[in-house]
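Visitor: Next come the chains, spelled out residue by residue.
Number of protein chains: 2
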Amino acid sequence: MVTIQNRRERERAERHQLIIDAARELAEAEGWEAVTTRRLAEKVEYSQPVLYSHFKGKDAIVRAVAIQGCGELARLMRKARPEQGESRLKAAAEAYLEFAAKRPALYDAMFVQQVDIPFGTDEVPQELRDAFGELVAAVGPVAGERDLETLTEVFWSSLHGIATLTHGHRLRPDHHEARLDLMLSALQGP
Amino acid sequence: MVTIQNRRERERAERHQLIIDAARELAEAEGWEAVTTRRLAEKVEYSQPVLYSHFKGKDAIVRAVAIQGCGELARLMRKARPEQGESRLKAAAEAYLEFAAKRPALYDAMFVQQVDIPFGTDEVPQELRDAFGELVAAVGPVAGERDLETLTEVFWSSLHGIATLTHGHRLRPDHHEARLDLMLSALQGP
DNA sequence: ACTCGAATCTAGCACCGCTAGACATCCGAG
DNA sequence: CTCGGATGTCTAGCGGTGCTAGATTCGAGT
Numbered sequence: 010m011v012t013i014q015n016r017r018e019r020e021r022a023e024r025h026q027l028i029i030d031a032a033r034e035l036a037e038a039e040g041w042e043a044v045t046t047r048r049l050a051e052k053v054e055y056s057q058p059v060l061y062s063h064f065k066g067k068d069a070i071v072r073a074v075a076i077q078g079c080g081e082l083a084r085l086m087r088k089a090r091p092e093q094g095e096s097r098l099k100a101a102a103e104a105y106l107e108f109a110a111k112r113p114a115l116y117d118a119m120f121v122q123q124v125d126i127p128f129g130t131d132e133v134p135q136e137l138r139d140a141f142g143e144l145v146a147a148v149g150p151v152a153g154e155r156d157l158e159t160l161t162e163v164f165w166s167s168l169h170g171i172a173t174l175t176h177g178h179r180l181r182p183d184h185h186e187a188r189l190d191l192m193l194s195a196l197q198g199p
Numbered sequence: 010m011v012t013i014q015n016r017r018e019r020e021r022a023e024r025h026q027l028i029i030d031a032a033r034e035l036a037e038a039e040g041w042e043a044v045t046t047r048r049l050a051e052k053v054e055y056s057q058p059v060l061y062s063h064f065k066g067k068d069a070i071v072r073a074v075a076i077q078g079c080g081e082l083a084r085l086m087r088k089a090r091p092e093q094g095e096s097r098l099k100a101a102a103e104a105y106l107e108f109a110a111k112r113p114a115l116y117d118a119m120f121v122q123q124v125d126i127p128f129g130t131d132e133v134p135q136e137l138r139d140a141f142g143e144l145v146a147a148v149g150p151v152a153g154e155r156d157l158e159t160l161t162e163v164f165w166s167s168l169h170g171i172a173t174l175t176h177g178h179r180l181r182p183d184h185h186e187a188r189l190d191l192m193l194s195a196l197q198g199p
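These protein sequences, in sequence, are chains A and B. Note that my numbering has the first sequence beginning at 10, numbered continuously upward. Note that my numbering has the second sequence beginning at 10, numbered continuously upward.
Calculated directly from the structure, the hints in this document are not laboratory data. In this text, a Cβ means the ideal position worked out from N, Cα and C, and glycines have one as well. Wrong hints could be hidden among the right ones.
Ranges of calculated distance between the beta carbons of each label pair, as one might list FRET restraints [as the list claims (entries may be wrong)]:
no.: 1; chain 1: A; residue 1: Glu95; chain 2: B; residue 2: Gln135; range: 37 to 45 Å
no.: 2; chain 1: A; residue 1: Asp183; chain 2: B; residue 2: Glu34; range: 22 to 30 Å
no.: 3; chain 1: A; residue 1: Ser194; chain 2: B; residue 2: Gln123; range: 24 to 32 Å
no.: 4; chain 1: A; residue 1: Arg87; chain 2: B; residue 2: Pro58; range: 27 to 35 Å
no.: 5; chain 1: B; residue 1: Asp139; chain 2: A; residue 2: Glu132; range: 28 to 36 Å
Let the sequences and hints guide you as you build the complete structure.
Guide: Have a look at this one:
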């Protein structure tokens with residue numbers, strides 16, 4: 010009898026996703042400090058131990074949210090097309106920064122909290138690879154003779170710095186556009 | 010009688026600094042998650058409530074550590090002088106990134122954790138002003154016709170992005186120098 | 001219908017930031 | 001020299017956290 014086993018597995022997968030979505034919603038609504046295992050359990054209408062039958066711990070839940078967030082960022086950047094007279098680089102930068110500004114909790118889980126998503130030689134989640142790939146594609150046209158991957162890392166660093174310092178109110182809120190233009194024209198090269 | 014009052018105030022100020030130093034040492038040795046009020050109280054050999062007679066809460070202690078960290082960063086950057094054939098911009102960038110790499114916990118308190126140090130119109134701590142001033146001074150020679158303060162914010166953002174992404178193992182550890190050179194030559198302008 | 005295993009929950013551990021109220025200690029007036 | 005009072009410090013505890021052992025409930029197969 011496979012059907013019963015199948016139904017169980019399907020229900021389990023649905024609940025798995027339910028937990029991830031609940032954590033994400035809670036974080037986006039009230040910040041990560043409001044995401045406790047008790048509140049999360051209440052939100053999904055199960056008791057706390059159920060969370061631990063799906064994830065090794067709270068960190069694993071945050072990590073799952075972060076990885077799905079990477080997928081969304083990749084999707085948003087792929088969809089972003091330059092408007093009239095706009096470089097692809099600028100369109101990508103704007104999409105990235107808009108994502109960081111509109112989903113600060115999600116962005117935090119992805120790149121600020123050190124959730125130890127495998128980044129190095131290990132198996133990197135596909136969602137992350139996709140997001141970085143979009144950045145590479147945007148940088149490509151302006152790389153010239155410069156090393157593409159290295160230049161993309163610089164571009165990403167600049168975006169990440171602007172995103173996090175802006176979120177921490179460390180930069181003048183007006184001047185946002187001027188900063189972006191200055192950064193882009195610098196990277197555009199000679 | 011002022012002498013007794015004076016002695017008390019002096020002892021109090023010493024203990025104030027003792028707490029800050031202990032918090033900083035604990036954070037640098039084991040990370041901020043290891044800095045609990047209990048461990049901190051044990052380290053300074055007082056009970057927990059004593060901490061609360063000096064600081065409003067744990068956040069205030071972290072904030073104090075962060076502000077002193079800003080002073081140290083400013084001092085390090087002021088001391089950094091370009092070597093033979095090196096631009097002042099590069100010397101400043103290297104000093105900044107070396108600080109971030111060698112004192113990751115301190116850097117975290119200063120710029121990553123949102124400790125709500127007044128940044129905007131409020132009274133900004135002098136240490137912070139000094140640190141930003143050093144960045145401005147380093148950017149000055151290469152600004153050209155570009156707005157100095159805005160360009161400095163871009164420079165800072167790039168440095169901050171590189172520092173945090175490197176610390177989170179998001180960038181290839183080798184290639185560090187190549188990234189820095191690429192970033193600097195981009196900012197150097199045409 | 002009953003048994004037995006899997007799924008789920010209750011209750012609790014050790015820790016967290018923080019604080020009220022008991023206690024000690026020391027200063028200055030009588 | 002004593003003693004009242006202020007000042008400083010500590011003990012003990014509150015409500016919260018992440019996490020888990022053991023009890024309990026539930027449902028599928030014989």
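Visitor: With reference to the structure, classify each hint as holding or not holding.
Guide: Going down the list of hints, with the structure as the test:
1. Separated by about 41 Å at the C-beta atoms, A/Glu95 and B/Gln135 satisfy the suggested range of 37 to 45 Å.
2. A/Asp183 and B/Glu34 have their C-beta atoms about 40 Å apart, which leaves the hinted 22 to 30 Å range violated.
3. Range check, A/Ser194 to B/Gln123: Cβ separation about 30 Å, and the 24 to 32 Å hint holds.
4. With their beta carbons about 55 Å apart, A/Arg87 and B/Pro58 fall outside the hinted range of 27 to 35 Å.
5. Range check, B/Asp139 to A/Glu132: Cβ separation about 44 Å, and the 28 to 36 Å hint is violated.
Violated hints, in rising order: 2, 4, 5; the structure is consistent with all others.
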